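There are 2 protein chains.
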Amino acid sequence: MSDPQPPLTYAAAGVDYSAIDPAKVLAQRAAAGTAAQLERWGHRELAASRGESAFVWDEGPRYRAMVMEGLGTKSLVADAVRPLSGRSHYDALAQDTVAMIVNDIIVVGAAPQVVTAYWAIGDSTWFADRERAADLVTGWAGACEAAGATWGGGETPALSGIIQPGTIDLAGACVGVIEPKERLVLGDRLAVGDAIVLVESSGIHANGLSLARRVAAGLPAGYATDIGDGTALGEALLRPTHLYPRLVAALFDAGLDLRYLVNITGHGWRKLMRAPRDLSYRLHTLPPVPPVLSFLARAGGLSPQEAYGNLNMGAGFAVFLPPEQAARAVAVAAALGLAAWDAGVVEAGPPGVAIEPLGLHYAGDSLGVRG
Amino acid sequence: MSDPQPPLTYAAAGVDYSAIDPAKVLAQRAAAGTAAQLERWGHRELAASRGESAFVWDEGPRYRAMVMEGLGTKSLVADAVRPLSGRSHYDALAQDTVAMIVNDIIVVGAAPQVVTAYWAIGDSTWFADRERAADLVTGWAGACEAAGATWGGGETPALSGIIQPGTIDLAGACVGVIEPKERLVLGDRLAVGDAIVLVESSGIHANGLSLARRVAAGLPAGYATDIGDGTALGEALLRPTHLYPRLVAALFDAGLDLRYLVNITGHGWRKLMRAPRDLSYRLHTLPPVPPVLSFLARAGGLSPQEAYGNLNMGAGFAVFLPPEQAARAVAVAAALGLAAWDAGVVEAGPPGVAIEPLGLHYAGDSLGVRG
Numbered sequence: 193m194s195d196p197q198p199p200l201t202y203a204a205a206g207v208d209y210s211a212i213d214p215a216k217v218l219a220q221r222a223a224a225g226t227a228a229q230l231e232r233w234g235h236r237e238l239a240a241s242r243g244e245s246a247f248v249w250d251e252g253p254r255y256r257a258m259v260m261e262g263l264g265t266k267s268l269v270a271d272a273v274r275p276l277s278g279r280s281h282y283d284a285l286a287q288d289t290v291a292m293i294v295n296d297i298i299v300v301g302a303a304p305q306v307v308t309a310y311w312a313i314g315d316s317t318w319f320a321d322r323e324r325a326a327d328l329v330t331g332w333a334g335a336c337e338a339a340g341a342t343w344g345g346g347e348t349p350a351l352s353g354i355i356q357p358g359t360i361d362l363a364g365a366c367v368g369v370i371e372p373k374e375r376l377v378l379g380d381r382l383a384v385g386d387a388i389v390l391v392e393s394s395g396i397h398a399n400g401l402s403l404a405r406r407v408a409a410g411l412p413a414g415y416a417t418d419i420g421d422g423t424a425l426g427e428a429l430l431r432p433t434h435l436y437p438r439l440v441a442a443l444f445d446a447g448l449d450l451r452y453l454v455n456i457t458g459h460g461w462r463k464l465m466r467a468p469r470d471l472s473y474r475l476h477t478l479p480p481v482p483p484v485l486s487f488l489a490r491a492g493g494l495s496p497q498e499a500y501g502n503l504n505m506g507a508g509f510a511v512f513l514p515p516e517q518a519a520r521a522v523a524v525a526a527a528l529g530l531a532a533w534d535a536g537v538v539e540a541g542p543p544g545v546a547i548e549p550l551g552l553h554y555a556g557d558s559l560g561v562r563g
Numbered sequence: 193m194s195d196p197q198p199p200l201t202y203a204a205a206g207v208d209y210s211a212i213d214p215a216k217v218l219a220q221r222a223a224a225g226t227a228a229q230l231e232r233w234g235h236r237e238l239a240a241s242r243g244e245s246a247f248v249w250d251e252g253p254r255y256r257a258m259v260m261e262g263l264g265t266k267s268l269v270a271d272a273v274r275p276l277s278g279r280s281h282y283d284a285l286a287q288d289t290v291a292m293i294v295n296d297i298i299v300v301g302a303a304p305q306v307v308t309a310y311w312a313i314g315d316s317t318w319f320a321d322r323e324r325a326a327d328l329v330t331g332w333a334g335a336c337e338a339a340g341a342t343w344g345g346g347e348t349p350a351l352s353g354i355i356q357p358g359t360i361d362l363a364g365a366c367v368g369v370i371e372p373k374e375r376l377v378l379g380d381r382l383a384v385g386d387a388i389v390l391v392e393s394s395g396i397h398a399n400g401l402s403l404a405r406r407v408a409a410g411l412p413a414g415y416a417t418d419i420g421d422g423t424a425l426g427e428a429l430l431r432p433t434h435l436y437p438r439l440v441a442a443l444f445d446a447g448l449d450l451r452y453l454v455n456i457t458g459h460g461w462r463k464l465m466r467a468p469r470d471l472s473y474r475l476h477t478l479p480p481v482p483p484v485l486s487f488l489a490r491a492g493g494l495s496p497q498e499a500y501g502n503l504n505m506g507a508g509f510a511v512f513l514p515p516e517q518a519a520r521a522v523a524v525a526a527a528l529g530l531a532a533w534d535a536g537v538v539e540a541g542p543p544g545v546a547i548e549p550l551g552l553h554y555a556g557d558s559l560g561v562r563g
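Residue numbers (my numbering), protein chains in the order written: chain A, 193 to 563; chain B, 193 to 563.
It should be emphasised that the hints constitute simulated quantities derived from the structure, not laboratory data. A few of these clues could be false.
[Stated by the list, open to error] Residues from chain B that face chain A, not an exhaustive set, calculated with beta carbons under 8 Å:
#1 L238
#2 M258
#3 G264
#4 A333
#5 A363
#6 S495
Note that the structure is predicted; figures quoted are calculated from it, not measured. Even glycine gets a Cβ: it sits at the ideal position worked out from N, Cα and C.
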């Protein structure tokens, strides 16, 4: 293990949320202004879904949801690791991308139905690498099936001058169904006393990769560095993201009262206070930290406050439900091979997330993902 | 008018469809293999929509369609023209992008319902330019409303190392409704003797911009060059793409029997033979060529065969319907302010497009957009 590097803040790693969010707010307001167009079909938007992870509208017999998501920069890690591993890793990246999409649509209670792909490349030679292209296609189809979705085509533009030569921007969209309508989850039924069940991540998932690249660049052995359990950093980073649609479907099928769901991504555990409610969230139990994340936090010199505020730290998904149902939720997850923990409780009080065992606290204004 | 440059082929301008299409075919086949997932809801895919511009599935009381599309590289033209014009032009680019999306979903007979945005940037400072960000947001919302769609949110990732600094990749997805189900258009009812009605484009739309950038780079005055009608090349290129959803809705509402629809984009008039049918297409009438396209063809040294085979040359959309309904279709378009022409006829014979007034012919194997 090398010496820790100077601490890397997220702004230093090239992600400055403060410069993006005002435009997001502007866009959310303009988007809300177009809602009346749905009236032509007798449908109506659920205004409360604006700012949630997926847009939801009411079609009468069912709700419908739609989401757009992208992988981020994880493909750059795969490109750098390929000479070491001898594998393209694009099957894993395809699953990561589909996971980013479907794990976001399920949080409103939707089952993903149709997924479309957007694969933008810098020059048309990208797809001439048949092994890599085949891995991407196979991984995408497999992840759609594992999520219960049909792959409905997509677009593969060559964008010379916009996308860097040799690289690819992986993204996609999904339309989902909330049926029966009682499955709608927008956080309005979240209550003081509800339990917070955290579900294991598979590793870094697809957030924190800019940071990981910076850390790898500063290590003498780079992506070949042993993270402490015999695994090379590159291989560990490229473990594909867990797909949670089957878990959410199983929780519903078990009759559990899911009051809020969070896909833990770019804002780490701060995202646990995503519900539009004045509530406080206290975590009393921590899942084990995947070796790749503890390595990254150490090597990157991240404080626990930075690490838990930006990385999933072992918790990829969170389920909020009545406390007497927490054990059942943990058992349902276990039956699907996913470790889960009855890890926290919803409390009255000013919005914030407290991670008791580490003495950490995030105030309500530290999230900033809403308008 | 400067001397013509050496002819530019599309491969020389950085777009090599032959390197992309095999992967598209692979993806289409893998995607088709995921169709059974729809059975959970009692829905089924329309296999005939695989390879069409939009994916279509049967929900019982209605068909549903979904599409993913992107702008391509037109934003690079706006970035280069802004110092000359003093405007960001991102309101126009937003309309271009929405047009690429919704003009593709209407060809299967769908009305666009919900549009999501994907705006990927190279660094988070892109949105710090408030004027440009506001233009993009305003233009996107306006285009969604003009297309009859609700804007359902989206994603704005900063992709350092994938997207070039200072540039943006504009794309989006749309879900649409085909209702009543008789409006489904997949080309199976296309018949010998049907008329081909061509509808005006507004200019270059969003295809051929790589070529336009190469041409501009070779002109002494660049984007400030007068294209012959007093308009600067840059301004002319940035005229926003026509939105055709209202036209298609009006044609249906007029009771016309729409047998096939084509959004004329990257393959120019070759796309008129897009229907999966062994039919031949003869054009006897040409719409006037927009000055920006005749200038581009001349300055780029494109042969008529290349120009009509890659650019819209004044025809942005094509409607195939019984010949006795052609005049009515032209009148419906005129009422919406769109010039249209009863321009051709569907004939028996080997697949191909013949442009009679120019003595041009494209053989069936020159399209290559299907698996």
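Hint check:
no.: 1; hint: L238; in the structure: violated, 11 Å
no.: 2; hint: M258; in the structure: holds, 5 Å
no.: 3; hint: G264; in the structure: holds, 6 Å
no.: 4; hint: A333; in the structure: holds, 4 Å
no.: 5; hint: A363; in the structure: holds, 6 Å
no.: 6; hint: S495; in the structure: violated, 23 Å
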